[in-house]
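Novice: Given the sequences, and given the hints that come with them, work out the whole structure.
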Amino acid sequence: MAAILGWRLLAGFALITAAVAQPASSPAINPPAAAAPPDDGQWAMPAKNYASTRYSELAEITEDNVKNLQVAFTFSTGVNKGQEAAPLVVGNTMYIVTPFPNILYALDLTKPGAPMKWKFEPNPEPAAQGVACCDVVNRGAAFFDGRIYFNTLDGHTIAIDAATGKPVWNTHIGNINIGETITMAPLVVKGKVLVGNSGGEMGVRGWIKALDAGDGHVVWTAYNTGPDAEVLIGPDFKPHYDMDKGKDLGVTSWPPEAWKIGGGNVWGWISYDPDLNLIFHGTGNPGPWNPDLRPGDNKWTAGIFARDPDTGAAKWFYQWTPHDLHDYDGINEQVLLDMTWQGKPRKVLVRPERNGYVYLLDRTTGEVLSAVPFGPVNSSKGVDLKTGRLIVNPDKKTGTGKVVRDICPTASGLKDWQPSAFSPKTGLLYIPHNNMCMDEEGVEVNYIAGTPYVGMNVRMIPGPGGNRGAFTAWDVAAAKPAWSLKENFPVWSGAVATAGNVVFYGTMEGWFKAVSARTGELLWQFKTSSGIIGQPITYRGPDGHQYVAILSGVGGWAGAIVSGDLDPRDATAALGFVNVMKDLKDVTTPGGTLYVFRLP
Amino acid sequence: MKRGPLLLVFAILAVAGCQREERDTRPQSALGSGDQPAAVTALEPGGQRPASSDTKAGVFEANAFHLSEGKRLFNWFNCSGCHANGGGGMGPALMDQKWLYGSSIESIHATIRDGRPNGMPSFRDKIPDDQIWELAAFVRALSGNAPKSAAPSRDDDMMPHPSENRLPDAATLGKSP
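Sequence order for the protein chains is C and B. For the first sequence, counting from 1, position 397 maps to 397 in this note's numbering; every step adds exactly one. Numbers in this note's numbering are just positions in the second sequence, counted from 1, shifted up by 600.
These aren't lab readings, by the way, just hints derived from the structure by calculation. Heads up, the beta-carbon is just placed ideally off N, CA and C, and yes, glycines get one too. Be aware that one or more of the hints could be misleading.
[Said to hold, decoys possible] Rough simulated footprint, nothing fancy, chain B against chain C, three-plus residues with beta-carbon under 8 Å:
1. 124–132
2. 450–464
3. 558–570
Specialist: Following this line, the structure appears as C-alpha cells:
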C-alpha cells in the first residue's frame, strides 16, 4: 500500500515537473484568458470558446485509457443529410440541431439513455433546399443567457428558451429567391447574435448581421462588397497593407455593378477578443468563379475583417486571396493565441486557410507574421510578407475557354470549413484537411437571381500520394508540421483536443478516431453507422465523468455524392467534387446519428 | 436490277436523316405558360388512366436540332449549375434511372415550367414554351432516352462524360454504377 502511494506521489510529482518544465523548453502559447475562460465542463458554442481553441481541460480520458471508451448512448436525428453540427452541452442538457429541416433537439443527460426532453421544428421552406450549394447542412447552435440560438436554411435566426423549447423570437433575414441561405452557426457576443449568409455560388452579396439577443431586431448589417458606408468602413478602418487602402474599394475593384452579385459571404467561423473588443470573421469567394468576368481585386471577398462587435465598424482587413481564381473562400476558423514571435510577445490569430497556407496574423493590426503551406500547393508560390500579397502562379490561372490541369489545392481548398483544434499543452494545432487537385475550365455564365452563378467546369482528382485527406498536427511556434496522418477520404470532420492528450476526429468512412496529441498514434477507433463530417465535443456529464460526442451522417460538399445520391459517371457533378469521391457510395450510406462515448 | 436494294437503303437513310432534322422553323413565341396536366404518380385508386400526351412531345423528343438547342440552353439557363452535366449537385442527378416527378417529356416539361416543392424553381413566364420542350427533350437524352441518331454527339467543353448519343439507357443499366 505504501509502495503504491509512493508511486502515485512520484507519478504526480513527475507530472507537475513536466508541466512546469514545458514552458521553459518551448515558450508557452495560450489563448487570451478573456477569450478562453477556465473549463466548466460544458460546451456552449461550437468552437468551445471565443478564442476558438476547441480544447477541453477535461483529463479523465487519457492516452492510456482511451482504448476502453464505450458507447454511452446514441440518438437518431431522423435526418439523413450531412451532419456538420457540433452538439452543445449546457447544464444537464445536450442540444443538437439537424441539417434541413433544422430540428432542434434537447436531450436530458441526467436520465439513463439521455431521453428527449423536447424538440423544436421550425418547418423551414422546403424550396430552400434548391439554393443550398453543397448539401443542406447546419454547423450548429449557440447558447447564451438561457437561450439557444440557431439558423435555418431558409434564412431565419431563431431564439429558443433552453429550458422549455419554446420560441422566443424568429427573425427572417435571408431571401431564398435571390439564392440566400444560412448554414453557419451563430456566435453570441455582448448580447448580439452574429449571423452571416451563404450563397457564394448563387451570386449572393455577402453580409454579416448583429441581431439583438433579447428581441431579435437587427442592430447592424455589414456587407462585404460595395460602398464603404455599407461595408461599415469609416475613420477607424486601418488596414495594414497598401492594397487594402483607398475609398470604396468594394466598388472600384470590380467591373461596374458586379459587386452587387459578387459573393463574399459569411458562412464560416467568427472569433472574439474581449480585450481588444474585436470580432474576426472571414469572407467567402467572389462570384462567379470564372475570374475573367470580374477583373480587379474583388474587395472584400476571400479575406478577413476585424470589426467592433457593438457597431460592426471595420478595424482592419486582410485579403488572403485577392482576385480569387479557384473558389478559395476565406471563411475558415481563426484561433486566437498569445505567443512570443521572433522574441516579441504578440497577440496573434492562427488560420489554416483554404488556399493552403497556415497564416499567423497579428490580430491587433492584420499584419501577416508568417504564411507557410501545410500541404501540396501549386496555385500560388507563397505570400510576399512586405506587401501581404499572395504570389499567384501564372501557370495555374483559369479563364474562359481554357482548361487548366492539376491545380492544387482544389476549389474546396487544402482545408475547407472543417475546424481545427489547438492544445496549449502541446502547442500544436490539429488540422483536419484535404489533399486534392483539380482541372478547371472557365465558361460564360448568365446571372439569373436564385440560380447558380459559377461559370466554371471543375473536375477533381486525388492529390500527391493518392490519399485524399490528412490530419496534420501543426507546430505553431516553429511554423511546421509535427506529424501528419494520411486518410483515404478528405477529413471533412472537425477536431477536438483534450488535456488528456487525446485528439478526436472522424473519417468519411465512418470511423471515429482518438489519436495521441503528442505523436498522432492511433489509440482507439469506433465505426459509426455513416461517414463522419461533424464536430466532436467533450463534456463533463451530470455524473461527473468525461464524455465525448459526435454526430455521424455523411454529406456536405464532399459527401454530396452519397447524401444527394449523385451520379459518379458525371465528372463535373457537385461542382467537380464527385469525380474524386466516386467510391464513397461503396463504403458508406446516408445517416444521422449521435454517438456519445465514456469510459466504463 | 441489282441497284434496287441499295437504292432502297439510301432512300431509308435519307428519310431517317430528314426526320432527325424536321422541325417548325417558326417556333411559337409563347412563354412557358401551358397548363396541361402531367402525372407525377403511378398510383391512381381504381387503376391508372391512360397518360395524357402533348402534341409537342413527339415534335421535340426525337429531333436533333431541338436536342442540340436543349443542350445549349441547359447551360444558358443555369440548369447545369444545379444538375451539373447530368450527375447532379445542388439538384438531383438526371442521368440515372430515378425520377422523382415522372420520366415522360410531359412530366419534365411540367417540372421546369411549374417547379417542384423541394427546390426546383418554376420557370413559368421566364422561358419560352418551346425552349422548355427543348430542355425537357435534352434532359431525357441524359439518361439515354433519346434516339442515338438525334442525341447530341459532341461536348464543346471539358469532357464530363461521353456525349449524350453514347450514354446508355439508365433504366436498362439496372442500377447506376
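Novice: Can you name, in rising order, the numbers of the hints this structure does not satisfy?
Specialist: Those not satisfied: there are none.
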